[in-house]
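Protein chains: 2
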Amino acid sequence: MSAAATSLDKSPLSTRAIAEAAKAASRVLAPLDEAARNAALEAMAKALEAAGAELLDSNEEDCSADSCAEGESLAPAMLARLKLDGAKLREMVEQVRSVAALPDPLGRGLDAIELDEGLDLTKVSVPLGVLAVIFEARPDAVTQIAALAIKSGNAVILKPGKEVERTAKVLVRVLREALAAQGLPADAVSLVVGRERAQELLGMHGLVDMVIPRGSKALVEYVQANTRIPVLGHAEGVCHIYVDKSADEELALRVIEDAKTDYPAACNAVETVLVHREIAAEFLPKLAERLRAKGVALHGDATVRDLLRGVEVEAVDDWHTEYGEMALSLGVVGSMDAAMEHIHAHGSSHTESILTEDTAAAERFLREVDAAGVFHNASTRFADGFRYGFGAEVGISTSKFHARGPVGLEGLTTYKYVLRGHGQVAGDYRASNKPGTSKPGEQARTFTHKRVAR
Amino acid sequence: MSAAATSLDKSPLSTRAIAEAAKAASRVLAPLDEAARNAALEAMAKALEAAGAELLDSNEEDCSADSCAEGESLAPAMLARLKLDGAKLREMVEQVRSVAALPDPLGRGLDAIELDEGLDLTKVSVPLGVLAVIFEARPDAVTQIAALAIKSGNAVILKPGKEVERTAKVLVRVLREALAAQGLPADAVSLVVGRERAQELLGMHGLVDMVIPRGSKALVEYVQANTRIPVLGHAEGVCHIYVDKSADEELALRVIEDAKTDYPAACNAVETVLVHREIAAEFLPKLAERLRAKGVALHGDATVRDLLRGVEVEAVDDWHTEYGEMALSLGVVGSMDAAMEHIHAHGSSHTESILTEDTAAAERFLREVDAAGVFHNASTRFADGFRYGFGAEVGISTSKFHARGPVGLEGLTTYKYVLRGHGQVAGDYRASNKPGTSKPGEQARTFTHKRVAR
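Sequences listed follow chains V and W, in order.
Under the working numbering, the first sequence has 397 at position 397, and the numbering climbs by one with no breaks.
Under the working numbering, the second sequence has 560 at position 106, and the numbering climbs by one with no breaks.
Among the hints, erroneous ones may be present.
Partner residues are not named here, just some residues of chain W that face chain V (Cβ under 7 Å, in silico) [as the list claims (entries may be wrong)]:
id	residue
1	P684
2	K748
3	V872
4	G875
The calculated lysine to any residue pairs, modelled on SDA-like cross-linking and capped at a C-alpha distance of 25 Å, are [said to hold, decoys possible]:
id	chain 1	residue 1	chain 2	residue 2
5	W	K904	W	L564
6	V	K217	W	T681
7	W	K577	V	T359
8	W	K577	V	A266
9	W	K904	V	K23
10	V	K245	V	A181
11	V	K123	W	H798
12	V	K217	V	P264
13	W	K577	V	Y415
14	V	K23	W	K577
15	W	K577	V	E363
16	V	K450	W	A555
17	W	K623	W	P530
18	V	K169	V	A181
Facing chain V, a subset of chain W residues (Cβ under 7 Å, in silico) [to be verified]:
id	residue
19	L820
20	G827
21	Q878
These aren't lab readings, by the way, just hints derived from the structure by calculation.
Glycine is no exception: its CB is placed at the ideal position from the N, C-alpha and C atoms.
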């Protein structure tokens, strides 16, 4: 643990005690109605506005502090993410209010079945319980995550990166005071700092219901490998675009340019473009010209390098590379089947797109490719909770469990089955209770299993 | 590994090769239409019928074999589960056909959103991929699980208990031949035997998408602790019934008797009954009489033992005990809040029931209790996939992830997002592309985000 973390971490409570308090708080939050949860969010927004000066001061300390024991200073990109100013603070407050305005994710009737007359089953969305969020340098992560948690009736324990600890401590204190002033448990939002605490938190299965790592691939992989708690997130996004022999050339150039250059650091940016052999000789030079003009470094297989002689194209090191920058792998394939095989072998099941005017080929690709998102004639960059219309994005999942693809507030919920009866017992429905068998005079009942319109 | 397992396991393929072949088979199964999957199930049923004599022979060998190296013979209960006869075989065949008759779990449109004109997002149910099922002595588990897997477009790798290895090998061979005769990959159904293979299978994340342990609590806990693959199942069911002060006495006696005695070994049988203090003195003696008459051994807290003087009531050792037999813990609580606190402290989030005529109290219990099933005036024994009307039960989950409570075929599916466009790119929708900014002359498009009726 760093010296900075130790000095900041004056909490007398053990990590277990914090998790237990969060669990208890979650039991209070879960049954609150939507109005009460939205009122809490508005109180949080107001409290953040009121605490502006103190927040900017604590952030100034974070920004000027040496980030680690060796006295190194922060990288410019991290400093930009860390830095708070008036405009960013107003944006954070606005974000809390926009979460309040989202549709209620709780109490939704997901299914309703009449098992028998007077025996009614419903499936209702409920909160998960306690979320643990491990993030890096962004102060806005604190307010966004806390807002999403309260909106969905969950308690949350936040573990910030050490660079943002001072700001996070003030933010969490302000949010806790706002909750308490609403008569709600402050422990609905808690903070732990330091690497040791993070490790302890990952061991709290039974108390913590979901871990959300937000940050680098290394952070996500560390979390996935070190906890039995379900993890929502993804370590990588190696997205592909397959340019079919029947692709519209101009459409393909435009979509690939967007998918690579719109925001190359995003997980939904394209990393590999596979081109059908029949059109490769004509298409690749145009694509190379377009991308080189934008400053994209090209990597290619032997055929690509052959077709692009005269253009600077490095060999592809590893088809599984997520560049996350202005660089792209290019390959030539003999068929759509070969493209799908390549995608299944090297992709991360994030988002895969086919560009073609051949609808039958497109439909086969959409059906057969196994990924969270399968697109036809559209940029991979659309794989995003806001663009999908979810209103908020909790994360993007490349797991097939619980939630897949961009995850909205729904991903912070589970469900329970509610059965309302009038004293029915299972024995009434046994075939052996038919007249003349074990319980003479009683008729065995049969289930009606009528699905009720929602 | 036992000697028996070694001698049976003549497969030249490594566990990884088997898992890779299953993954490849799953890619063929996934896009099959419903008719093709149902035809495969019918072929499986017919092949089982044709192989009757061979199956009974191999089962006879299993039943007469010593179950372990020390030469112990099988316990009668296990022998009953293991034993095949003509009637049980016909039932197994019937079960395969009834799975074929279930509604298709694949290709369901779970959501549909128009992102913009000509840019349509749908959320569609798809198979998980490869299931690994680790089970104990039941031959019928092989056919039931294989049928559920094929119906839901998944490949499955079966690891049987050593007692049933001979029967399982014949069953799987017959099913593989039936699949191959339909032009489908035999590797959609595979078998591995032996403890070492099971351990290897649990390490195959990336190839195996879900593990389903079917058997004892020890088996489930072992699997949960030894794999990074998501596990569907539950280790325990400590179900509670809370008898409120406003309970109907006769209804309560009848429901508790059913919940305890209908099938005490089931995970949805009640283990603890909590009685409100105001009615305890009158209700407990009647309940004790009713349950003692059925042969239920009673355990109680100090108040219960005091109120039931003269009745044989042992002290409760541990409120977390799942008896799984004709035994029950009894406690007295001062309020519904105390009952809910007890349930949250000692329950396993399986199924919890309140018995009361007070609807407001019932609704509060249903809202506030955190469990897969929350019941009012009904026996906990209704927590079951068939009784819920799912047609089949894959298992019961006490996890909050992916699936909770009884799990039907839906639990063997995930979803993918399918986006159909006409060359749209994310850059078109940026605010910074408004006229007068970075791309003069181009209008920034806005998403319509129209939810389309399903």
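Now for the hints, and whether the structure bears them out:
no., hint, in the structure
1, P684, "holds (5 Å)"
2, K748, "violated (12 Å)"
3, V872, "holds (5 Å)"
4, G875, "holds (3 Å)"
5, W:K904 - W:L564, "holds (15 Å)"
6, V:K217 - W:T681, "holds (22 Å)"
7, W:K577 - V:T359, "holds (19 Å)"
8, W:K577 - V:A266, "holds (22 Å)"
9, W:K904 - V:K23, "violated (37 Å)"
10, V:K245 - V:A181, "violated (64 Å)"
11, V:K123 - W:H798, "holds (20 Å)"
12, V:K217 - V:P264, "holds (15 Å)"
13, W:K577 - V:Y415, "holds (19 Å)"
14, V:K23 - W:K577, "violated (33 Å)"
15, W:K577 - V:E363, "holds (15 Å)"
16, V:K450 - W:A555, "holds (17 Å)"
17, W:K623 - W:P530, "holds (23 Å)"
18, V:K169 - V:A181, "holds (18 Å)"
19, L820, "holds (5 Å)"
20, G827, "holds (5 Å)"
21, Q878, "holds (5 Å)"
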